[in-house]
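Chains Y and E are the protein sequences, given in the same order.
Each residue of the first sequence is one higher than the one before, counting from 1 in the numbering used here.
Each residue of the second sequence is one higher than the one before, counting from 301 in the numbering used here.
FYI, nobody ran anything at the bench for these hints, they're computed from the structure.
Do not rely on the hints blindly, as some may be mistaken.
[Said to hold, decoys possible] Here's a subset of chain E near chain Y, in silico, CB distances under 10 Å, partners left out:
no. : residue
1   : M301
2   : I716
3   : E743
4   : K782
[What the hints assert, rightly or not] List of simulated lysine-lysine pairs, DSS-like, C-alpha gap at most 25 Å:
no. : chain 1 : residue 1 : chain 2 : residue 2
5   : Y       : K55       : E       : K782
6   : E       : K542      : E       : K571
7   : Y       : K214      : Y       : K94
8   : E       : K552      : Y       : K55
[Claimed, not checked] Taking CB as the label site, the calculated pair distances span:
no. : chain 1 : residue 1 : chain 2 : residue 2 : range
9   : Y       : L216      : E       : R596      : 31 to 39 Å
10  : Y       : T45       : E       : E770      : 48 to 56 Å
11  : E       : K601      : Y       : V200      : 28 to 36 Å
12  : E       : D754      : Y       : K114      : 36 to 44 Å
13  : E       : R596      : Y       : G217      : 33 to 41 Å
Ideal placement from N, C-alpha and C gives every residue a C-beta, glycine not left out.
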Amino acid sequence: MERLRRTMMFVPASNAAMMRDANLYGADSIMFDLEDSISLREKDTSRFLIYQAVKTLDYGNTETLVRVNALNAGGQDDIEAMVRAGIDAIRLPKTETAQDILDVEAIIAQTEKKCGREAGSTKIFAAVEGPLGVLNALDIATASERIIGIALGAEDYVTSMKTRRYPERNSEEIFFARSMIVHAARAAGIAAVDTVFSNVDDMDMLRKETEIIKQLGFDGKSVINPRQISVINSVFTPQQKEIENAENVMAAIEEAEAKGSGVIALNGKMIDKPIVERAQRVLQLAEAAGVWKEGEEIEW
Amino acid sequence: MVKNSVGRDIPEEIEKNYGVFENAFSRKPSYSRASGKVTAVHPGESKKLKNIREAIEKVGLKDGMTVSFHHHFREGDAVLNMVMEEIARMGIKNISIAPSSIANVHAPLIEHIKNGVVTSVTSSGLRDNLGAEISRGLMNKPVIIRSHGGRARAIESGEIHIDVAFLGAPSADEYGNANGVKGKAPCGSLGYARVDAKYADKVVILTDTLVPYPNTPMSIPQTDVDYVVVVDAIGDPDGIAKGATRITKNPKDLLIAENAAKVIEASPYFKEGFSFQTGTGGATLAVAKFLAEAMRKQNIKASFGLGGITQQMGDMLEEGLVETIIDTQTFDKGGIQSMIKNPNHYEIDAGYYANPGNKGAAVNMLDVVVLSALEIDTNFNVNVMTGSDGIIRGASGGHSDTSAASKLSIICCPLIRGRIPTIVEEVNTVITPGETIDVVVTEVGIAVNPKRTDLEEALRALSIPQFTLEELKEKAYSIVGKPAPIEYGDKTVAVIQYRDGSVIDTVKNIVE
Numbered sequence: 001m002e003r004l005r006r007t008m009m010f011v012p013a014s015n016a017a018m019m020r021d022a023n024l025y026g027a028d029s030i031m032f033d034l035e036d037s038i039s040l041r042e043k044d045t046s047r048f049l050i051y052q053a054v055k056t057l058d059y060g061n062t063e064t065l066v067r068v069n070a071l072n073a074g075g076q077d078d079i080e081a082m083v084r085a086g087i088d089a090i091r092l093p094k095t096e097t098a099q100d101i102l103d104v105e106a107i108i109a110q111t112e113k114k115c116g117r118e119a120g121s122t123k124i125f126a127a128v129e130g131p132l133g134v135l136n137a138l139d140i141a142t143a144s145e146r147i148i149g150i151a152l153g154a155e156d157y158v159t160s161m162k163t164r165r166y167p168e169r170n171s172e173e174i175f176f177a178r179s180m181i182v183h184a185a186r187a188a189g190i191a192a193v194d195t196v197f198s199n200v201d202d203m204d205m206l207r208k209e210t211e212i213i214k215q216l217g218f219d220g221k222s223v224i225n226p227r228q229i230s231v232i233n234s235v236f237t238p239q240q241k242e243i244e245n246a247e248n249v250m251a252a253i254e255e256a257e258a259k260g261s262g263v264i265a266l267n268g269k270m271i272d273k274p275i276v277e278r279a280q281r282v283l284q285l286a287e288a289a290g291v292w293k294e295g296e297e298i299e300w
Numbered sequence: 301m302v303k304n305s306v307g308r309d310i311p312e313e314i315e316k317n318y319g320v321f322e323n324a325f326s327r328k329p330s331y332s333r334a335s336g337k338v339t340a341v342h343p344g345e346s347k348k349l350k351n352i353r354e355a356i357e358k359v360g361l362k363d364g365m366t367v368s369f370h371h372h373f374r375e376g377d378a379v380l381n382m383v384m385e386e387i388a389r390m391g392i393k394n395i396s397i398a399p400s401s402i403a404n405v406h407a408p409l410i411e412h413i414k415n416g417v418v419t420s421v422t423s424s425g426l427r428d429n430l431g432a433e434i435s436r437g438l439m440n441k442p443v444i445i446r447s448h449g450g451r452a453r454a455i456e457s458g459e460i461h462i463d464v465a466f467l468g469a470p471s472a473d474e475y476g477n478a479n480g481v482k483g484k485a486p487c488g489s490l491g492y493a494r495v496d497a498k499y500a501d502k503v504v505i506l507t508d509t510l511v512p513y514p515n516t517p518m519s520i521p522q523t524d525v526d527y528v529v530v531v532d533a534i535g536d537p538d539g540i541a542k543g544a545t546r547i548t549k550n551p552k553d554l555l556i557a558e559n560a561a562k563v564i565e566a567s568p569y570f571k572e573g574f575s576f577q578t579g580t581g582g583a584t585l586a587v588a589k590f591l592a593e594a595m596r597k598q599n600i601k602a603s604f605g606l607g608g609i610t611q612q613m614g615d616m617l618e619e620g621l622v623e624t625i626i627d628t629q630t631f632d633k634g635g636i637q638s639m640i641k642n643p644n645h646y647e648i649d650a651g652y653y654a655n656p657g658n659k660g661a662a663v664n665m666l667d668v669v670v671l672s673a674l675e676i677d678t679n680f681n682v683n684v685m686t687g688s689d690g691i692i693r694g695a696s697g698g699h700s701d702t703s704a705a706s707k708l709s710i711i712c713c714p715l716i717r718g719r720i721p722t723i724v725e726e727v728n729t730v731i732t733p734g735e736t737i738d739v740v741v742t743e744v745g746i747a748v749n750p751k752r753t754d755l756e757e758a759l760r761a762l763s764i765p766q767f768t769l770e771e772l773k774e775k776a777y778s779i780v781g782k783p784a785p786i787e788y789g790d791k792t793v794a795v796i797q798y799r800d801g802s803v804i805d806t807v808k809n810i811v812e
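This is chain Y alone, in the form it adopts within the complex (with noise of 0.2 Å):
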């Protein structure tokens, strides 16, 4: 079954409780930080305590990734004691180029072969936080075996445009980012996860960027707090509608295959490949999600 990314929620490493608490609120991946919320007196003790938490903790099928610091700031510390600890991916912030990914790849490689970890377990997911990043996406995608997915920063890259945020005008400046970022996730077969919504008492707002970065094709967005799960989750979890549609679209296609036939209509309407994928998406992101299991009731 496809993982699901509909929520990779930010953990600041340097705060046990909500490292220990982190697995509660139904977040898909979790995204603990070592790098900017994390001041730089705290930067070792941090390190040190992901580590034990990785180790210790129980996270059960939940994604862990770490936010690393910059290569020459630490990163290459972090990167060797997260191997380690057996997280599942290495976030690489502000990624600029595809030599950012190959440089931290090597030292992944380097130790999964020291501590015998399987070689190629560590997944990477590059975030960019740059024009440079942006107009480099689909180099940045392709760059690893290891990469499973891009994602946007929008702040440092609205402050690098000489905008800021405008989520109250559909975020137009960074529209261009967003797609970026979805082409080159989508030609290189892995996951796309948008910016961060840093308002975190408007819900309705959050409900409306989630609603916007859908329709575009991404598959989830950043999270900075627990409460922001449940709307974002339920954007992206198909609505029973949805689900029904799907099934139905399937039914014609199998009745369809059965009989031979090789056009196909529903309810007036022909149906042609790409609606069977769409259909085959929309069961699939349904059971992921747990309200859809093929041929069962699941109540509501």
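Chain Y is already provided as a structure; the job is to place chain E on it using the hints.
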């Protein structure tokens, strides 16, 4: 020492006085109600006195008597301190105090105890400094902790005999008709005070808002009142009732609350006409928010909401989600407004609310109650009284009353708080026996009391993970370790009465 049925050793001299706890409904008392003395008031006689001193003189307060107060003013209360200060100034000693509860603001009691003015205390709870001092062995006689229903039972049956009740009232007329909805510092219901007014020998109303006769509603009627004293201020209005009690934004509390609401929804009691009581803070108050959403969605209305009332419940009444509010204590300004505006928001006294010895209290009709816990052990016994350091800092409140009488009692608590496990092998102090707790809801999952096989069945389909309390305790211990035992001395500093009057536990002095 005598062991009671929850495994606690009770000293024999205490056992002799009260008997030990057997089970929640082992006592079915039959008694004549105690009643206060009455001195007739003739036409033309005035009840209005100059000051507190004159009231103390007029009621004939003497060494060794019992005085009572109510806790509706919470941390804003000035009445208890004013009256006790005057009693001390007059040289009266050896007083027993029987307030319905004690707040932080009542720390001056420490000096009155040291000076021999106060030698005996019964209360629902004790806070910060006084609790700590008592835990260190301040008093010779142990404090008797009673639940809200248990206190009403003790007063109505004569176990507590109140010589003088000093009752603060946000408004009163010169003949003593008093209520909590008018005046400078409204508190809403006067539910606890009403019991004292009815059963004390002498009743003094203290108010800072004298209104023309007759003051309505007559929460405390003139027929129960001997004297009225007007004071500058009965307390700090902001401490008496806060604006609206805010629903928590803490994601963990919200998660626990959401889980609890799902448990209620999946239970057999969630149907048209059900009744409920929720707490007033943290996760327990947030349950009402999620419950309201579920009620709207399924078009279900509650027949009544009970208890400590906040704006949340008032809003549900206004919206028509709840038909009636039965209110023994009002917690915020929104709740008070609801009581003033809405004729279906009724004020009741604490005996009506929860006395297990009367002809049937409101809690007996309650379907669902949501409560919190400082600690809960693998036998479902709950502690809401002593902290992880063994110091008394909580209150029994209506915890054991509602959990025993309701059809579904739910405890909301996190697995651990900071570095302290909430779910433990054995609680420090048993307030509520495990036999009366049905479901424990935490952020990681729920545990159903194994004796409620019917609930286990009903909740099986829920998407929330289900554990035994033993498993939850292990989870908690695996994160923070097993707590070291607290070092207690030999002196009994508090006796915990169960609501029926039997002794469920005692608290020993702490060794520091």
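Results of checking the hints against the structure:
1. Interface restraint check for M301(E): the shortest CB-CB distance to chain Y comes to about 40 Å, outside 10 Å, so the restraint is violated.
2. Nearest Cβ of chain Y to the Cβ of I716(E): about 8 Å, under the 10 Å cut. The hint holds.
3. Because the smallest distance between the Cβ of E743(E) and any Cβ of chain Y comes to about 5 Å, under 10 Å, the interface hint for this residue holds.
4. Interface restraint check for K782(E): the shortest CB-CB distance to chain Y comes to about 17 Å, outside 10 Å, so the restraint is violated.
5. Proposed proximity of K55(Y) and K782(E) is supported: the alpha carbons are some 21 Å apart, at most 25 Å.
6. For the proposed pair K542(E) and K571(E), the alpha carbon gap of about 33 Å is over 25 Å, so the pair is violated.
7. Under the criterion of a C-alpha separation no larger than 25 Å, the hint pairing K214(Y) with K94(Y) is consistent with the structure, at around 23 Å.
8. Under the criterion of a C-alpha separation no larger than 25 Å, the hint pairing K552(E) with K55(Y) is consistent with the structure, at around 23 Å.
9. For L216(Y) paired with R596(E), a C-beta distance near 33 Å keeps the hint of 31 to 39 Å intact.
10. Between T45(Y) and E770(E) the beta carbon distance is about 34 Å. The supplied range of 48 to 56 Å is therefore violated.
11. At about 33 Å, the CB distance of K601(E) to V200(Y) agrees with the hint of 28 to 36 Å.
12. One distance hint, 36 to 44 Å for the beta-carbon pair D754(E) and K114(Y), is violated here, with the actual separation near 57 Å.
13. Checked against the given bound of 33 to 41 Å, the beta carbons of R596(E) and G217(Y), roughly 34 Å apart, stay inside it.
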